[in-house]
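Produce the complete structure using the sequences and hints provided.
Here's the letter readout for the chains.
Number of protein chains: 2
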Amino acid sequence: MTLIKKPVTGMKDILPEEMKLRDYVIGIIKDTYAGFGFTSIDTPCVESLANLNSKQGGENEKLIFKVMKRGEKLNLETAKEENDLTDSGLRYDLTVPLVRYYSNHQNELPSPFKALQMGYVWRADRPQKGRYRQFMQCDIDILGEPTNLAEIELILATTTTLGRLGFKGFQIRINERRMLKAMAAYAGFTEESYDSVFITLDKMDKIGLEGVAEELLKDGFAKESIDKYLDLFKNVEGKGAIEGISFLADTLGDFLDADVKNSLQEIISSVDATKSAEFELVFDPTLVRGMSYYTGTIFEVAMPQYGGSCGGGGRYDKMVGKFTGQDTPACGFSIGFERIIMIMMDEGFKIPDEKDKVAFLIEKGIGGEQLSEIIAEAQKERANGRQVLVVRMNKNKKFQKEQLGAQGYADFKDFYKTEFKH
Amino acid sequence: MTLIKKPVTGMKDILPEEMKLRDYVIGIIKDTYAGFGFTSIDTPCVESLANLNSKQGGENEKLIFKVMKRGEKLNLETAKEENDLTDSGLRYDLTVPLVRYYSNHQNELPSPFKALQMGYVWRADRPQKGRYRQFMQCDIDILGEPTNLAEIELILATTTTLGRLGFKGFQIRINERRMLKAMAAYAGFTEESYDSVFITLDKMDKIGLEGVAEELLKDGFAKESIDKYLDLFKNVEGKGAIEGISFLADTLGDFLDADVKNSLQEIISSVDATKSAEFELVFDPTLVRGMSYYTGTIFEVAMPQYGGSCGGGGRYDKMVGKFTGQDTPACGFSIGFERIIMIMMDEGFKIPDEKDKVAFLIEKGIGGEQLSEIIAEAQKERANGRQVLVVRMNKNKKFQKEQLGAQGYADFKDFYKTEFKH
Numbered sequence: 001m002t003l004i005k006k007p008v009t010g011m012k013d014i015l016p017e018e019m020k021l022r023d024y025v026i027g028i029i030k031d032t033y034a035g036f037g038f039t040s041i042d043t044p045c046v047e048s049l050a051n052l053n054s055k056q057g058g059e060n061e062k063l064i065f066k067v068m069k070r071g072e073k074l075n076l077e078t079a080k081e082e083n084d085l086t087d088s089g090l091r092y093d094l095t096v097p098l099v100r101y102y103s104n105h106q107n108e109l110p111s112p113f114k115a116l117q118m119g120y121v122w123r124a125d126r127p128q129k130g131r132y133r134q135f136m137q138c139d140i141d142i143l144g145e146p147t148n149l150a151e152i153e154l155i156l157a158t159t160t161t162l163g164r165l166g167f168k169g170f171q172i173r174i175n176e177r178r179m180l181k182a183m184a185a186y187a188g189f190t191e192e193s194y195d196s197v198f199i200t201l202d203k204m205d206k207i208g209l210e211g212v213a214e215e216l217l218k219d220g221f222a223k224e225s226i227d228k229y230l231d232l233f234k235n236v237e238g239k240g241a242i243e244g245i246s247f248l249a250d251t252l253g254d255f256l257d258a259d260v261k262n263s264l265q266e267i268i269s270s271v272d273a274t275k276s277a278e279f280e281l282v283f284d285p286t287l288v289r290g291m292s293y294y295t296g297t298i299f300e301v302a303m304p305q306y307g308g309s310c311g312g313g314g315r316y317d318k319m320v321g322k323f324t325g326q327d328t329p330a331c332g333f334s335i336g337f338e339r340i341i342m343i344m345m346d347e348g349f350k351i352p353d354e355k356d357k358v359a360f361l362i363e364k365g366i367g368g369e370q371l372s373e374i375i376a377e378a379q380k381e382r383a384n385g386r387q388v389l390v391v392r393m394n395k396n397k398k399f400q401k402e403q404l405g406a407q408g409y410a411d412f413k414d415f416y417k418t419e420f421k422h
Numbered sequence: 423m424t425l426i427k428k429p430v431t432g433m434k435d436i437l438p439e440e441m442k443l444r445d446y447v448i449g450i451i452k453d454t455y456a457g458f459g460f461t462s463i464d465t466p467c468v469e470s471l472a473n474l475n476s477k478q479g480g481e482n483e484k485l486i487f488k489v490m491k492r493g494e495k496l497n498l499e500t501a502k503e504e505n506d507l508t509d510s511g512l513r514y515d516l517t518v519p520l521v522r523y524y525s526n527h528q529n530e531l532p533s534p535f536k537a538l539q540m541g542y543v544w545r546a547d548r549p550q551k552g553r554y555r556q557f558m559q560c561d562i563d564i565l566g567e568p569t570n571l572a573e574i575e576l577i578l579a580t581t582t583t584l585g586r587l588g589f590k591g592f593q594i595r596i597n598e599r600r601m602l603k604a605m606a607a608y609a610g611f612t613e614e615s616y617d618s619v620f621i622t623l624d625k626m627d628k629i630g631l632e633g634v635a636e637e638l639l640k641d642g643f644a645k646e647s648i649d650k651y652l653d654l655f656k657n658v659e660g661k662g663a664i665e666g667i668s669f670l671a672d673t674l675g676d677f678l679d680a681d682v683k684n685s686l687q688e689i690i691s692s693v694d695a696t697k698s699a700e701f702e703l704v705f706d707p708t709l710v711r712g713m714s715y716y717t718g719t720i721f722e723v724a725m726p727q728y729g730g731s732c733g734g735g736g737r738y739d740k741m742v743g744k745f746t747g748q749d750t751p752a753c754g755f756s757i758g759f760e761r762i763i764m765i766m767m768d769e770g771f772k773i774p775d776e777k778d779k780v781a782f783l784i785e786k787g788i789g790g791e792q793l794s795e796i797i798a799e800a801q802k803e804r805a806n807g808r809q810v811l812v813v814r815m816n817k818n819k820k821f822q823k824e825q826l827g828a829q830g831y832a833d834f835k836d837f838y839k840t841e842f843k844h
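Residue numbers (the numbering used here), protein chains in the order written: chain W, 1 to 422; chain E, 423 to 844.
The set of hints was computed from the structure by calculation and includes no laboratory data.
Positions of the beta carbon are idealized from the N, C-alpha and C atoms, including for glycine.
Heads up, some of the hints might be wrong.
Derived DSS-like pairs: lysine-lysine, alpha-carbon spacing no greater than 27 Å straight-line [claimed, not checked]:
hint, chain 1, residue 1, chain 2, residue 2
1, W, LYS73, E, LYS452
2, W, LYS6, E, LYS744
3, W, LYS30, E, LYS839
4, W, LYS401, E, LYS452
A few chain E residues facing chain W, derived, Cβ under 7 Å [to be verified]:
hint, residue
5, LEU443
6, ASP445
7, ALA546
8, GLN792
9, GLN829
Where chain E lies over chain W, by a calculated footprint (3+ residues, C-beta under 8 Å) [what the hints assert, rightly or not]:
hint, segment
10, 32 to 39
11, 102 to 108
12, 179 to 189
What follows is the structure, given as structure tokens:
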């Protein structure tokens, strides 16, 4: 069989330069989140298909890499459909595994439980620039905290991390599933049509108010409802976050749960008063977030200058109950790790505080005690925190040093067999 | 479909306490290896079956988790055998992916290339205590270095890491594939029988010299060869490493390549002279190492007090050539990451230098400006490097503090709605 040099379709090898940046970013993320009391966890990359296909994953459930059964369980003769051949698959997100994990270990975990999970996920998407079939996700979640303390901490932790990574001028857009629904109800849409209305609303960014109106009309909704609906958005535009929420709460009246206004305003004012990074917290009534499992607050990191969303999350108070039979408040925020890395690479981010680096070039033929002496010197430098590369000297030493220079080695020591010339 | 709380068979969830240790160990490993000039890389968890089944993986090739084809490529009707349904699988080690990676990116990588790869691998082994179907591997490899500088650096890097993790009194056992073969040739075994002889020799640890003799006899080998073979081992026993190697080189004469003696002795004396950890470097002519791809030096970390091997590696100068058509010297050392973690957990290892931790307990109902003030105080503490957990106060505050105490919070601040009592 011919060996294949390329990675499998849609997945990528990570070269040393990118990996150095990834390790650095992972370090900052872990350190910052630890400061907020999040503890790292890990779950297997392989999950039961029963869980992956539990309707929590939305469109992602169509993109599962399935793992074949093995041994006696695999019977090609009698297999009639795909599910006869497979019972597990690669996870497409970290939320379903987290909720399974929490359900499984609830009694061993503190309450509230603040989890950080970083790991690869897989989606058999059509490969395209910057989108891979294996990619890193980075989620923080708080389980067991019903109040908006969860949202405040999640937003502060995420934005503090982004700030430490050098990002500024970005936006956190915030909305509430219940606000979305109240606005639709107020306008006269029926509950069954919400999903369809929200799919159109979600395009506001791209097609604008007029475009949304057109599409809703085309979908057969009443002109009167559409007008009433879009008037709400027009009236909020230009208002500040606190003011916009108050306006909607007043207008929507009984359509809106009484605590939504206070909760949203409290999140916004608390975060605004205490944030350490330079960003804007924006109330965005058009924010939908695709996943159907959200039950309350939803939010998104927007970096328009880099073409879109770099993370998001929200409250999903009903998912744990699907595993345990008992609902548990849950709220999470996911950083778009791969996008962040791509942006930092594009911007030529320089990693601070790398080890001081020196290369020892040793002439070919050096061995025995002389070699031991050189290695001992390298070991001493390493114990002092320096990075020491010990390599054999090439014939073209000048070219070799240029190449090492490109790897960040600016300091060199040459060792010759006949004598030590430094 | 019923949701499943347990992880898939043979794989495990990692709880916060273990995860903290894993993160700590990963940090030490990355920092130590960086000091030796190793650079991190990563490869996809999914590899082409063509590569996974290339005979480089030995017995592991029987344990592959295969990934199903998708979409049009999957045709159940016409599928006759497993390979019609799958073309990729989860990697069972990091060596095959590394060699593919190197072959793919050779022109973009420095020479020699010193790679560190940490990542999960999967083997559909029979689950048993402490052995999982998904586990972390941690490999360092040097590609492009033909001299024993590679072995010396690999052994020093690995042992320095183990030393920093608190391990001492362990052994590094070292041997040479060419020494193994020369001894067998000298005793009169034919080349075709080497594999079979070595499989028996590998049991020396368990069944002793007599056991090995018996088994070889049973396998039909000549008594004369067996006696001559085992005499070699008897004569080496009790000798120091340098002396033992010299004795074998003298005895084996032309059966042994001339450079084996010098190379092995140089590795041993250089490592001994410069090692920073407390361990013993032992020449062990019975060391076989299972994988057939080894071509020269082989080594293993032995921790008899913990029941066996905690890592190993060796030189494999022929594997890159299988991908590129041109042999490249290669040598690697893999730490038994999961064993190391298990031992450290069992020994109750305490992680040094954790963040200073404080928990803020805030009475239920606190919101608005008061909440902002508390969060602002938490943010200030975090900016100073402390870990601050902000939680709602439970009715039974004493019990809550006990539980937080178990999570390492010794310092508390209580906040009440009516006034701030600290």
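Closest C-beta approach of GLN792/E to chain W relative to 7 Å, hint status
Nearest chain W Cβ about 10 Å off; hint violated.
Measure nothing beyond the straight line between the CA atoms of LYS401/W and LYS452/E; if it is 27 Å or shorter, mark the hint as holding.
Within the cut-off at roughly 25 Å; holds.
The hint names ASP445/E as touching chain W; please verify it with the least Cβ-Cβ distance against 7 Å.
holds, 6 Å
Would the hint linking LYS73/W and LYS452/E be met if the CA-CA limit is 27 Å?
violated, 40 Å
Report holds or violated for chain E covering the segment 32 to 39 of chain W, Cβ cut-off 8 Å, minimum 3 residues.
Held - the segment 32 to 39 of chain W has 5 residues with a Cβ nearer than 8 Å to chain E, which meets the minimum of three.
For the segment 179 to 189 of chain W, count the residues whose Cβ lies under 8 Å from any Cβ of chain E; is that count three or more?
Result for this restraint: violated, n = 0.
Regarding the pair LYS30/W and LYS839/E, is the alpha-carbon distance no greater than 27 Å?
violated, 32 Å
Is the shortest C-beta separation between LEU443/E and chain W less than 7 Å?
violated, 10 Å
Is LYS6/W within 27 Å of LYS744/E, Cα to Cα?
Holds: LYS6/W and LYS744/E sit about 14 Å apart, inside 27 Å.
Are ALA546/E and chain W close enough, Cβ to Cβ, to be under 7 Å, as the hint says?
holds, 5 Å
Would you settle whether the hint for GLN829/E is holds or violated, based on the nearest Cβ-Cβ distance to chain W being less than 7 Å?
Holds: closest Cβ of chain W sits about 6 Å from GLN829/E, inside 7 Å.
Mind taking a look at whether chain E covers the segment 102 to 108 of chain W? Criterion is 3 or more residues with CB to CB distance under 8 Å.
With 4 residues closer than 8 Å to chain E, the segment 102 to 108 of chain W meets the three-residue bar; holds.
Hints 1, 3, 5, 8 and 12 from the earlier list are contradicted by this structure; the remaining hints agree with it.
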